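Number of protein chains: 2
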Amino acid sequence: MLTLYYTAHTCSLASHIALEDAGAAYELKRLSFKTADQRSPDYVKINPKARVPALVTPRGVLTETPAMLAFIAQSFPDAKLAPFDDPFAFAEIQSFNSYLCSTVHVAHAHRMRGYRWADDEAAFVSMQKKVPEAVTACFEIIEQTMLRGPWVMGDSYTIADPYLFTLSQWLESDGVDLTRIPRVLDHRARMAARPNVKKAVDVELAE
Amino acid sequence: MLTLYYTAHTCSLASHIALEDAGAAYELKRLSFKTADQRSPDYVKINPKARVPALVTPRGVLTETPAMLAFIAQSFPDAKLAPFDDPFAFAEIQSFNSYLCSTVHVAHAHRMRGYRWADDEAAFVSMQKKVPEAVTACFEIIEQTMLRGPWVMGDSYTIADPYLFTLSQWLESDGVDLTRIPRVLDHRARMAARPNVKKAVDVELAE
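Line by line, the protein sequences are chains A and B. Be aware that the first sequence starts at 0, since it is given in numbering that gives the first Met the number 0, and climbs by one per residue. Be aware that the second sequence starts at 0, since it is given in numbering that gives the first Met the number 0, and climbs by one per residue.
Extracted from the complex, chain A is given alone in its bound form (with noise of 0.2 Å):
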């Protein structure tokens, strides 16, 4: 059994789908930003980092999305999340679920989570001024060099779909110019369309 810590409207999100698109049997925890959840004592013994996501595994705990997404894909080959006998090909989507972590979701960070970087409200409200800008550039690059379609990868639907839904959740409260990206809106309504995704994204706003 596999239990998946997560909070609504953040990156868990995607492991949450990928584990329904497994066909695993988990179990959700949910955690409140509100009450700061992610910092209590019990959960930051599972997590030092004291961030969403965490996956409790049989093994042990895992996080960070790109390497929670590997594993399930690894984990459930029936589902073929991910070509692991293919090194190239599974670089390709790591590349990819990479980029999203270290560079689309940061640039997004800096909206509400400055307070990582800096120590002043002036740097914060110049943070954000450049969220759209910044967002938009990255997107820009996905939609014009990365997205194959109809899937992030082509013709077949991997962990990185999951992943690139997540972060499209948030193009419009990030000021995102939506005009210059209209096969990545066409992949979030194709996404939006599958049952696993509608259960995973009921679930969590169910609150």
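Since the hints were derived computationally from the structure, they do not count as laboratory data. Being a predicted model, the structure only gives us computed values, none of them experimental. Careful: at least some of the hints might be erroneous.
In the SDA-like style, the derived pairs of lysine to any residue whose C-alpha atoms are separated by at most 20 Å in a straight line are [as the list claims (entries may be wrong)]:
id, chain 1, residue 1, chain 2, residue 2
1, B, Lys129, A, Asp119
2, B, Lys128, A, Gln127
3, A, Lys48, B, Glu142
4, B, Lys48, B, His8
What follows is a list of derived Cβ distance ranges for each label pair [to be verified]:
id, chain 1, residue 1, chain 2, residue 2, range
5, B, Asp84, A, Asp118, 41 to 51 Å
6, A, Asp85, B, Gly153, 20 to 30 Å
7, A, Gly174, B, Thr178, 38 to 48 Å
8, B, Glu139, A, Arg112, 17 to 27 Å
9, B, Ser172, A, Ala192, 41 to 51 Å
10, A, Glu132, B, Met0, 33 to 43 Å
11, B, Leu204, A, Met0, 49 to 59 Å
12, B, Arg115, A, Met0, 34 to 44 Å
13, A, Pro40, B, Phe32, 35 to 45 Å
14, A, Glu120, B, Ser172, 19 to 29 Å
15, A, Arg112, B, Leu177, 25 to 35 Å
16, B, Ala35, A, Pro131, 17 to 27 Å
17, A, Ala49, B, Val60, 32 to 42 Å
From the three backbone atoms N, C-alpha and C, an ideal C-beta is built for every residue, glycine too.
Based on the hints, put chain B in the right spot on chain A.
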């Protein structure tokens, strides 16, 4: 044949060391930030993100250090740089490397690359001021909860090691409190003594 595009003093060193560790046939192409080589039209064709590193393979180009490291490890299985037959153990490595790219490298980057996330000089100064604290916090978590010793994953040397070593190059210039991370320093010294590491470092600094 593989071709690594690299710049001295950047995270490309991790893949450079891994190529040595793997016993791969590869060639190096050096880019200088001083002449903005990474933004030249020729290079942007290779990596539209206009960043280093990039690894040109017979199947296409790979970017993003965690993906390149996994590709090198999986392409040269005899070097045993990652346990691809053990989904949990492999995911632990990916989790570590993902933390380095999405959190540690990002904390460091606010010292010199504030223009990615803000537009005014005051914000850059504010970000720079926070770097020692933010990067120290990252390395303390590594010290206390991740680095098993003697190598990152314990007794087995893996692709997590050259990546940690690479980011450890910047501790002093980031103003990290070294007294708080003796095990990270020990790891850095152990890495620096390896012939493959010496060779890669010497080549990068020889110009």
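Structure versus earlier hints, numbers of those that do not hold, lowest first: none
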